[in-house]
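If you read the sequences in order, they're chains A and B. Each step along the first sequence adds one to the number in this note's numbering, with nothing skipped, and position 18 is 18. Each step along the second sequence adds one to the number in this note's numbering, with nothing skipped, and position 80 is 1080.
Among the hints, a few may not be true.
For the chain B half of the interface with chain A, some residues (derived, Cβ under 8 Å), not all of them [claimed, not checked]:
| id | residue |
| --- | --- |
| 1 | 1062 |
| 2 | 1115 |
| 3 | 1117 |
| 4 | 1124 |
| 5 | 1126 |
| 6 | 1127 |
| 7 | 1131 |
| 8 | 1144 |
| 9 | 1146 |
| 10 | 1147 |
| 11 | 1149 |
| 12 | 1151 |
| 13 | 1159 |
| 14 | 1167 |
Below, a list of computed lysine to any residue pairs in the SDA-like style, where the Cα atoms sit at most 25 Å apart [to be verified]:
| id | chain 1 | residue 1 | chain 2 | residue 2 |
| --- | --- | --- | --- | --- |
| 15 | B | 1145 | A | 30 |
| 16 | B | 1127 | A | 442 |
| 17 | A | 71 | B | 1142 |
| 18 | B | 1130 | A | 423 |
| 19 | A | 406 | B | 1160 |
If you are wondering where the hints come from, they were derived from the structure by calculation, not from laboratory data. Glycine included, each C-beta is placed from N, C-alpha and C at the ideal position.
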Amino acid sequence: MQLSPDPFIPPETGDGSVELTPLQLIRWIDTSPDLGYLRDAADRLQGRYDSTTGQLTFQTPSVDTVVSRDKGFIKTIRYFFWPRANSIRGKSCASQEFDQSCGNTVNLMAVSTLWDAFTTYPLIQFALTDFFGGAALPTAIALSLGLTAGSNIAGKESCNRTKGKRGSARSALLIFLGLSLLRTAFSGVGLDILINRAGITRGYAEELVDKRIGETSLRIEELSTLKNPVLQEFKAACDATEEQLRELQRNDLRWDSTFRKARGSFVQQAEMRGKTPAQIVAMHGSVSNIPGDCNRQTVQQQLDSQAATDLRGKLKTYKKDQDSLSAYSFLEKHFPEDYKSKFVTTDKGEVEIREGGELVRTSIGQFYSKLIDIERLPGLGFSLFGMIISVVLSGGSVLMLRSKSKSEDMQMSFSNQMLNEREDLLNGYSEKLAASQARREGQATNNGGLNDA
Amino acid sequence: MPDQLDSNLNFEDRTQEVQRSIRTLFEKIGRDENEITIVYGQMNWGSLSNSVLYTALLEMENDLNILSAEQILADRRIVTRPGSREPGTDEDPEELSETWVRRRQPVITKDISWFINNGDSEEIKNKARKYRERMLLDLYMEHVKMTGETYFPELHRLLKAEWDFSYRNEE
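Produce the complete structure using the sequences and hints provided.
Pasting the structure below:
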């Protein structure tokens, strides 16, 4: 017979069956640190002894003793965000070691989902600011926690891979993975908003300055290379009329009218002669009212040329001011409409982006442009560190949940057959308790008798 | 105030005077202070009321010995014999003590642990212990039903063996 190192495991008998020893189970319950609440409940039972009749009666324990242990509003709410260790397994059976490893998995999952909630709530908050105003922060927190609870539920469900539930377990794991990836992707952006909002705003202003200067350069190029769409339109009309005129003979009745369409009448030509383009436009109200398709083209071309010259002067000033002024001052000076519509100054004197949606769009753009540029990557600082933490936690959670769901202990814990076996065995302990107690009493009496002898 | 309490009181829950008196007693008889809780439990002092224990501690300090709760209670029931000295002429005559047997309550209602420790007979103690064990097992069965924690090594080993033998391949 082999001796078992554990005092609570009785030796096997020769035929392979094991003697159930209820008194050993009682002794184990009496020494197990986790079952103190059962001992307290048993010890608190009231007994009533009537010395006149010699009758001794006892209370029965309250049915709530075990049920009420994990109940309560706060605990229920807490378990949504930090689930119990045994919540990812079934209730049929589990060893202490398995529950400890389940606890590790659950803790990692909870840390991962809560970290994602913390890092993404600012993004949600500013995305909602334009619609919810002051209520955006509580709404964002509620949404983040809701996503956390949803992720945790999906994570828990992914562990039940018993027959008929493998598909739903796989789907739950995919949902957990999807939510984790989505939140991980934006965790760095959220952290950036949280700790570097001023930097994002400054970057946005600089972007805007570059954009406006770029637009000015493009406009100059467009005007100086005769690519102004309005000019192109007038030119096309002039070319078409000139073409028609070339095809007509002088004695053709249509020649006169086509000539007037192209150049205007001789009187109109005389009126415009010697005048500047601006004077001609003032005379007719607008370029499109000037008589003669080709006159319109000529005037527009001269106007464009003038505009290009003016813009070149402005561009020179812009480039000079871009180096000497802050982006905010530059916009305030040269593009005041932009500054007023895109920015707001707080009571503390800090400049902020006026629209939450614009802040979110800008921060996502800035974060990912830095992320893919190895030279600018260090500029992300703690936001990058936070995102890496999120990647590690999410990846670790998915791997641990997957490996746990495939373990044999997990399958045992969800097995209905094991539930029946467990009930059978516990009933066996219960049935044999009285016999064991009687045997113990008999042994005590015998020992007493021997001692007396 | 009754000599005995409804339920045992821990050393830490005693009044400062009682705790101090116990420490003094241990000091006087040369015992280590760390043994206080052990001796306290062994002597079943937890079942005594503060006043009874305190009075007994003072006597123990004088006698330099340790008495169990049962001995203390027994001493309190000893009937004082009439004094032999004749009353003097210059003082009030000393009153002779009268024998009085305390009337016991016909019904005692206390914690089950009290009956296990202080039951009048072995039969009562045994009955209380057996009932406690039964309730402990019932509560444990309920605990396992609620939590699925089959931590008891023998139970889990049997379940594992059954799984390996009958169900592993099915799953």
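**OP:** List, from low to high, the hint numbers that the structure doesn't satisfy.
**Re:** 1, 3
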